[in-house]
Amino acid sequence: MSTDTHATDQQTVAVWGDKVQLRVNVAGSGDPIVYFHPAAGFHWDPFLIELSSGHTVYAPEVPGTSVGDPHAIHAVDDLDDLVLLYEEMIRKLDLGRAPVAIGQSFGGMLALELAARYPGIFSRVVVLDSLGLWRDDMPVASYMEAGPMELPGLLFADPQGPAAAAMFTPPPDPEQAIAMQAGLVWGMGCTGKFVWPIPDKGLRKRLHRVEAPTLIVWGEQDRLVPVGYAQEFADLIAGSRVEIIPDAGHIPQMEQTERTLAVVREFLDAG
Amino acid sequence: MKVSVLAQTPYRELPDDFESKYESCVTTPWSLVDTEKIHASFRDSLDQLMFAARSGFDGLAMTEHGQSSYDMVPNPSLMASALAYATDAESLDVAIYPVGRSLGKAKEPLRVAEEMAMIDGITGGRLMAGFPIGLAYDANINNGVPPIDTRARFDEGLALVLRAWSEKEPFAFNGRFSQHRWVNIWPRPVQEPPPVWITGIGNPGTMQYALENGFGFNYFGWFGIKTTGKRIFDRFWDMAEKLGQPRNPWRTSIIQTVCVGDDDADAERTYAKHVEYFFRKAFGAIPRERLFLPGGIALPGLQAIMRDPGDFGIYEELRTAGWQFLLDSGCVIAGGPDTVADQLIDICQEHGIGHLVAILQSGSMDRELTEKNTALFAERVLPRLRELWTDEDLPNHWWPQRLGGAPSLVGDTKKLEVA
Numbered sequence: 000m001s002t003d004t005h006a007t008d009q010q011t012v013a014v015w016g017d018k019v020q021l022r023v024n025v026a027g028s029g030d031p032i033v034y035f036h037p038a039a040g041f042h043w044d045p046f047l048i049e050l051s052s053g054h055t056v057y058a059p060e061v062p063g064t065s066v067g068d069p070h071a072i073h074a075v076d077d078l079d080d081l082v083l084l085y086e087e088m089i090r091k092l093d094l095g096r097a098p099v100a101i102g103q104s105f106g107g108m109l110a111l112e113l114a115a116r117y118p119g120i121f122s123r124v125v126v127l128d129s130l131g132l133w134r135d136d137m138p139v140a141s142y143m144e145a146g147p148m149e150l151p152g153l154l155f156a157d158p159q160g161p162a163a164a165a166m167f168t169p170p171p172d173p174e175q176a177i178a179m180q181a182g183l184v185w186g187m188g189c190t191g192k193f194v195w196p197i198p199d200k201g202l203r204k205r206l207h208r209v210e211a212p213t214l215i216v217w218g219e220q221d222r223l224v225p226v227g228y229a230q231e232f233a234d235l236i237a238g239s240r241v242e243i244i245p246d247a248g249h250i251p252q253m254e255q256t257e258r259t260l261a262v263v264r265e266f267l268d269a270g
Numbered sequence: 000m001k002v003s004v005l006a007q008t009p010y011r012e013l014p015d016d017f018e019s020k021y022e023s024c025v026t027t028p029w030s031l032v033d034t035e036k037i038h039a040s041f042r043d044s045l046d047q048l049m050f051a052a053r054s055g056f057d058g059l060a061m062t063e064h065g066q067s068s069y070d071m072v073p074n075p076s077l078m079a080s081a082l083a084y085a086t087d088a089e090s091l092d093v094a095i096y097p098v099g100r101s102l103g104k105a106k107e108p109l110r111v112a113e114e115m116a117m118i119d120g121i122t123g124g125r126l127m128a129g130f131p132i133g134l135a136y137d138a139n140i141n142n143g144v145p146p147i148d149t150r151a152r153f154d155e156g157l158a159l160v161l162r163a164w165s166e167k168e169p170f171a172f173n174g175r176f177s178q179h180r181w182v183n184i185w186p187r188p189v190q191e192p193p194p195v196w197i198t199g200i201g202n203p204g205t206m207q208y209a210l211e212n213g214f215g216f217n218y219f220g221w222f223g224i225k226t227t228g229k230r231i232f233d234r235f236w237d238m239a240e241k242l243g244q245p246r247n248p249w250r251t252s253i254i255q256t257v258c259v260g261d262d263d264a265d266a267e268r269t270y271a272k273h274v275e276y277f278f279r280k281a282f283g284a285i286p287r288e289r290l291f292l293p294g295g296i297a298l299p300g301l302q303a304i305m306r307d308p309g310d311f312g313i314y315e316e317l318r319t320a321g322w323q324f325l326l327d328s329g330c331v332i333a334g335g336p337d338t339v340a341d342q343l344i345d346i347c348q349e350h351g352i353g354h355l356v357a358i359l360q361s362g363s364m365d366r367e368l369t370e371k372n373t374a375l376f377a378e379r380v381l382p383r384l385r386e387l388w389t390d391e392d393l394p395n396h397w398w399p400q401r402l403g404g405a406p407s408l409v410g411d412t413k414k415l416e417v418a
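Top line first, the protein sequences correspond to chains V and W.
Residue numbers 0 to 270, in numbering that gives the first Met the number 0, belong to the letters of the first sequence in order.
Residue numbers 0 to 418, in numbering that gives the first Met the number 0, belong to the letters of the second sequence in order.
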């Protein structure tokens, strides 16, 4: 990633009986947004920078994915543990009011797990190309099995475009390149603990419990989680609506930042 | 030196263009197979091992590969139990050695303990138990274990197996991956307990684990022993020294492909195309992504591998490998009997290796050719290897007592419980 992950303040929240020091990136000012990062870990990107101009963005890092603390993942056994740990973190952040949740891919699934188990925890929920459901007729790609040559094609509508280049061009310094690459792989390994081998851990039967107004955003050319899942989520979450972003793959906010920002802002402003 | 023969059960008639179209595991199309050939694959594999036992080898080995075209053995206990009975019936005193029952893969480790105890019972105490952490494609993809949990599942599984074998009274096992209110397996093994080997590719954590717990370390040398042997075994013996343990060659083993011809030229003429078949269509046709999944290697190890991929030897080149290249790297040791014996003795002497697990059937080799290789090895190579380490006065704790070993109890198995 060429974006600067240090453009945020960092705080740690002790959770899970103090066994996990959960790192939370914080930026901006205004009503709180909690951002749930995708499978490979947290990166501070233009979409989040824009959102932080009108909101305070809190972006926690899944245990194990924080630089310098890779073994924290071993304190968390399964998805139930992770959801409890995040709920504790949100309570301890003491945000004053229920925040908006925005989750990308793996993070979308995590945000919806929290919204389903703790109705009232979020004022609104936005998911971008979320994991969490499975249909045999449109299988979710097994991204953890994908080789480095296949990943750009799974993630981007245009694998040769600038968004793909921004993600996959390694830094010139070899040690930094190794740190980045190893970090991405380890990040996928940590989050993989909760979605392997099929990212369906029962969310389908819990989604009827989601009470927060929910916006489901999807890149039309998503080859990782096919766009058909947008309607599948919408059918299961009462009162939700769908926005499809053309010319975008699995990460619409990277490939079509303006268009994605526009639909997300419109939804947040209506709240 | 103790020498075992490892037989896999490959499908031997894959098409010429196989490696450019397919992978050799997980998604290999079953439609390539003529099912009439399956029976012969199994019969030849079992017969080869019986032939080896009758020829004077010390042990018969097999391993575990699920959803694999190069070794159709998803459960090595089935092969081992057939051989356990057959060798018992002929009074052939050989070790029965499943080198690769993966406890990172096993979702029923107690069943593994039971199956191995049965094999030990059928053989009257000739079992050697090999437990690898697990191949990523098999443990994670075939069996659905999250890669980041493979190691923890292995640790817990091995603790359960060893306790189930050794505790006298029924006990409760409250693990993260297995819970059993009463563990009291019938039968327990005849040996108390059978020798335990950890098969691995040289991961420092795994080697340390084997050393600290008194297990043997069996190096899986398909990456080319001449390329990787020095770094792996130097690392192992350095570690042993730091732990204050003697350089006892009996605690190490290598798996090695070997082809013995009448002379060097005959070996090339006879075996080259079959060995190339194996490395190109079998091991070389496992894509890297099948062996390394995110989470399977901890972050520091991952960074170390990215800086220096040397532990993987010539793996990347296997899919197009030719005979000379395979010889030079040590992926195969081949030639006339003296060439083979000289090289194996050099390697084992240099690295302090007391057990050899020889693969004598490679790729498309048929029954007749495999028999030739096995017979030449037994007659001309084995007697020379036997001499190695006989002068040393070190006990072999990693070989069944009934076969001349002096297995020692594996410390305090409760200590292993921590996942």
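Careful, some of the hints might be misleading.
Stated by the list, open to error - Short, incomplete list of chain W residues facing chain V, as computed with Cβ under 7 angstroms:
(1) 146
(2) 288
(3) 290
(4) 298
No lab work stands behind these hints: they were computed from the structure.
Keep in mind it's a predicted model, so treat the numbers as computed, not measured.
The beta-carbon is built from N, C-alpha and C at its ideal position, and this holds for glycine as well.
Original post:
Does the interface hint hold: is residue 290 of chain W within less than 7 angstroms of chain V, judged Cβ to Cβ?
Top reply: 11 angstroms, violated
Original post:
Given residue 298 of chain W was flagged as interface, is its beta-carbon under 7 angstroms from a beta-carbon of chain V?
Top reply: With Cβ-Cβ at 4 angstroms, under 7 angstroms, it holds.
Subject >> Proposed interface contact between residue 288 of chain W and chain V, which counts if any beta carbon pair is under 7 angstroms >> reply: At 5 angstroms from the nearest chain V Cβ, residue 288 of chain W passes the 7 angstroms test, so the hint holds.
**OP:** Return the status of the interface hint for residue 146 of chain W: holds when the least beta-carbon distance to chain V is below 7 angstroms, violated otherwise.
**Re:** 6 angstroms, holds
Hint compliance for this structure: hint 3 is the single one not met.
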